[in-house]
Amino acid sequence: MGFVSTIAYMLVAGFVVQLWYRRSLRARWKDAKFFIGNVIIAATWILQYLVYIDVLPLPAVLSAAFPWIPPQSGRTWMWNSWQFWQFGGGQALLDIPAGMSQVAVMLALSYPLWYFLGIWIGRCAFGNKSYQHGALWLFSVEKGSAPAPRLEPGDGEGEPEHRP
Amino acid sequence: MQYMSPMPGTEPNRRALVTGASGHTGSFLVNLLADHGWHVTATDLAQDRRSRVITKEEIFDVPRERLSIDRPGVEFIPADLTDKETIQPLFEGEQHGYCTVFHTASLYDYFAPFELLERVNVGGLRNLLEACYGRRGARKNDGAEGPRFIHWSTCGVYGQPKYERWDVPADETAPFNPPNDYSRTKMMQERLLEQWHREHGVPTVIIRPAPIYGPYQAYGMFHVYHLVRTVGSVPVVCLYPRSKRLRMPMVHVEDLVRAAEFLADAPAEKVVGEAFNAIGDCGYQEDFMAYIAQLLGADYSYISVPWFVYVILARITYRRAVGRMKGLARKGKRPRYDAPMAEYITHQYFFSNEKIKRLGFKYEYPDMFVGTKRTVDWYLDHGWLEKEKWEVA
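Quick note, the sequences are listed as chains D and F, same order. With the working numbering applied, the first sequence closes on residue 570, and no number is skipped along the way. With the working numbering applied, the second sequence closes on residue 400, and no number is skipped along the way.
Hints listed in this document are in silico derivations from the structure and should not be mistaken for laboratory results. Careful, some of the hints might be misleading.
Derived CB-CB ranges, DEER-like [claimed, not checked]:
hint, chain 1, residue 1, chain 2, residue 2, range
1, F, 380, D, 422, 33 to 43 Å
2, F, 318, D, 422, 32 to 42 Å
3, D, 542, F, 301, 18 to 28 Å
4, D, 433, F, 102, 52 to 62 Å
5, D, 523, F, 73, 40 to 50 Å
6, D, 479, F, 327, 52 to 62 Å
7, F, 104, D, 542, 50 to 60 Å
8, F, 320, D, 473, 45 to 55 Å
9, F, 288, D, 508, 53 to 63 Å
10, F, 316, D, 542, 20 to 30 Å
11, D, 467, F, 318, 56 to 66 Å
12, D, 436, F, 54, 38 to 48 Å
In silico lysine-lysine, DSSO-like type, Cα no more than 30 Å apart, as pairs [as the list claims (entries may be wrong)]:
hint, chain 1, residue 1, chain 2, residue 2
13, D, 535, F, 396
14, D, 436, F, 380
15, D, 535, F, 380
16, F, 362, F, 251
17, F, 169, F, 369
Computed from a predicted model, the values in this text were never measured in an experiment. Glycine residues also receive a C-beta, built at the ideal position from the N, C-alpha and C atoms.
Bound-form chain F, shown alone (with noise of 0.2 Å):
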């Protein structure tokens, strides 16, 4: 039988914990709980203290502008997951009783440190576990589990699994590769996670999503957008043989936070202790890169390689920008790009959606032409993306 999530506004009250709540995926989420009827009380950290770690908004000059969570139905609680006094008040009394925690709360940046990180991403999550169930675990007296817990994961923990055929998509059971300092520290989240799930009995859900795009984000594939508007030309590389072409994996926010509140519906013996991809139907990386030139009035050129010259010349490309990263970071400035958002251009990143599909989930962006022209326009109308001058005048 397949599972369908209830229609909005006909949920019984249902309390949730959204961490990480000011963020991009966050703030879409609390925003979709709270249009469903939940009662949500979203956490993240106090303004001052959000802007010294997430600088990566800073990198480019665009609007500072994000999509409101003060709206009724939402109580916001600013707490640092990496320090336990301030997650206390969010488990204290009976409001806060919560039947789903979603955890979206880490720091995705590229250029932070791995001290940073894993004291962010790993430290943090065992302090909100250790709220949230106490050391004991979440089996209670009376049996009865504690909330849910859905937990953001990423498609990164993968790294770019030994597919036994190029064209067939790895699925959840991968084994993990992470290619970078964050998502070792999400592998090492996973990590803990089945810890506490088989010593514990906390009842986890794993997201694992693509690279997320949609409007207000500024980290991660707006500065794909960013650097073909401003750049204004893309060599489209098409590569020979063709049964080697690369996938460009990627989740459309809305879709995500739609499945991340299926999960949260969805049968226990369904989900629980399970991992899910979220990504939408792969596309080609050449498709990808063409459509976007179009939508962004950049020159394109098609320029057909061998794979073997791909590969070096991408090889290359990629080792110089970490080179560059590094020499930027001796001289105490980050770049524009950090190097492993260019590892697409080196790997193969091509993972399977059927599992939660399976469950009945349906995307609402499967494929990346609607979802990207849909947020391209909005970075257009809202000043994120450079219009010509005229235009804006």
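Just chain D, same shape as in the assembly (with noise of 0.2 Å):
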């Protein structure tokens, strides 16, 4: 929920929307994963915006749910949001430096290219269209494959040899 870690969140989202979008999303709506992306971005921006202010009390949650969360605010929290993963290891806050505001905005802002960069990378793993596999079919299992080709029963059974 931080302003550096939602990057990695965004480009999850928009990862798993493209899959999701692929498989199911895009035959009821062609345009859901920018509908649902403008949503994700606009809910994060909201939160982030009142988590900083210190209306939403997520710090003071977070810190009673998990012990190795140290109380601070939420303005700390956004740059400090590493320290969900961190179980107990070192907590020392960073001291936050001035002119740390506008960085923050400069990322919120760049949220939309990260979930685009997910959905482009899930564009090329799996698709986009409902005919379209993506990259991963390549390396995908082939099943129900053609035997090879034999005149009579055990032809073509050696192994084809071939020179590059």
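Take the two lone chains, each set in its own frame, and fit them into one complex as the hints suggest.
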């Protein structure tokens, strides 16, 4: 939920939405992934803003639930959300230098890019249209493979020989 | 003087034997000849035997649709070229006195083991020559020659020639250097024919087609269309230096069969004992990939790569494809894409079509764009390439 970790969440969100879109959404609603993307990004911005200005007491809730997260302000939490994954390790808070608010805005504005990068990676991996299966299809296990050519039983059982 | 093909319907009654008539090229050839008034004896394996050998048509779940050769003027006699007894009926009786034999039959399958390829392609040709001309060869007592023998080879016999300049195509005099087992057996066929021509006077004409494309084709170029359609994204590789761009040799099946008929009609002194490339004007691979990506609704992105980086990556890709094919073969499976198809990404195959054009032959699909568009449209209309679910509904 922090400014930096949200970049990774956006990538994953784009990737997952693309998979969902390719599998079923596209048949029902062609622009679904753009709508879902708008909703995810807008909701993230609103939530982050509310946490940042301490309207949503997210750090306090997390601190109560996970003892290795110390109590802190929303502004500090937004730069230290990696603590969530630290499981009792070093708990030092970072000093938030002046000017980080501008950096935060820049990071937040880049979320759509990361979401669409996730979409693009998903597109390459799974395809986009209903007839596409993406690059992962090349590595999928081949089912019902055609047999080797043979004239008589026993023909064609040798391994094919290929000279590059 | 340039030779002009007579207008269809104005020729005297001509008889032709077409081997491999149920195959892709064979079926187009039979129909063209029948359209032009030839009496055609068509032969191929009986269906049960054919389906055991031509397993490449089962790789993808596509409609088993073939161009029909069941029409007036066409007589079908099943035969197996590896079995001499089944070939004899093709040459019995007056109605089987051919003026031309079109030998399109061969096992074109990169996955087939060499022994099988040799047995069908080389052994089958030898049996056919012996049945057609007898052991004594083509010259009869009256001095007349037997039928003209139009033989299907492949541009693959050249492999990648040593180019004097990268942008100058190799012609029919390029030495043989076949890169895979199939092309190796085609080279052996050509040497056998050369021997029969030299020693027995068989009037041979050899066609060396580039990869063939066109409707009904289920192997070869179809794999490229299928791959792009299914994967859905294509990295179009732009090579630097630009002088190293790779070519895309291909020929439309209709041009190929027209070329065969043209060579059957051409004056003997100009074509007998000769070989002719049948190939459109070679475009560039990157243009071709960008074009089919557009036709097939796939994403494409241009990636600029220096030549040496491309060569290293392409060779790794090719080696991996060979390794994967061997691995699957050990498990008793055949891959969706046979590794030798990937040779085009590692080699420059750039061949001249001037020799046949100098005789007066004109290609209907000289560049790759019009023919490719029509072919892709055909595959989409006939359900060989998937459409969006709602388009089908």
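The hints, checked one at a time:
Between residue 380 of chain F and residue 422 of chain D the CB atoms are about 37 Å apart, so this pair conforms to the stated range of 33 to 43 Å. For residue 318 of chain F and residue 422 of chain D, the hinted distance range of 32 to 42 Å is satisfied, since their beta carbons lie about 38 Å from each other. For residue 542 of chain D and residue 301 of chain F, the Cβ-Cβ distance of about 23 Å falls inside the hinted range of 18 to 28 Å, so the restraint holds. With their beta carbons about 58 Å apart, residue 433 of chain D and residue 102 of chain F fall inside the hinted range of 52 to 62 Å.
Separated by about 46 Å at the C-beta atoms, residue 523 of chain D and residue 73 of chain F satisfy the suggested range of 40 to 50 Å. Distance hint check for residue 479 of chain D and residue 327 of chain F: the Cβ-Cβ separation is about 53 Å, which falls inside the suggested range of 52 to 62 Å. Between residue 104 of chain F and residue 542 of chain D, the C-beta spacing of about 58 Å keeps the proposed range 50 to 60 Å intact. A hinted range of 45 to 55 Å holds for the C-beta pair residue 320 of chain F and residue 473 of chain D, which are about 51 Å apart.
At roughly 58 Å, the beta carbons of residue 288 of chain F and residue 508 of chain D sit within the given window of 53 to 63 Å. With their beta carbons about 25 Å apart, residue 316 of chain F and residue 542 of chain D fall inside the hinted range of 20 to 30 Å. Roughly 58 Å separates the CB atoms of residue 467 of chain D and residue 318 of chain F, a value that falls within the hinted 56 to 66 Å. Distance hint check for residue 436 of chain D and residue 54 of chain F: the Cβ-Cβ separation is about 44 Å, which falls inside the suggested range of 38 to 48 Å.
Between residue 535 of chain D and residue 396 of chain F the alpha-carbon distance is near 9 Å, which keeps this suggested pair within the 30 Å criterion. Under the criterion of a C-alpha separation no larger than 30 Å, the hint pairing residue 436 of chain D with residue 380 of chain F is consistent with the structure, at around 26 Å. About 20 Å separates the Cα atoms of residue 535 of chain D and residue 380 of chain F, which keeps this hinted pair within 30 Å; it holds. Only pairs whose Cα atoms come within 30 Å are accepted, and residue 362 of chain F paired with residue 251 of chain F is accepted, the gap being roughly 25 Å.
Note on residue 169 of chain F and residue 369 of chain F: the hinted pairing holds, with a Cα-Cα distance of about 28 Å set against a maximum of 30 Å.
Figure legend: structure checked against the earlier numbered hints; every hint is met.
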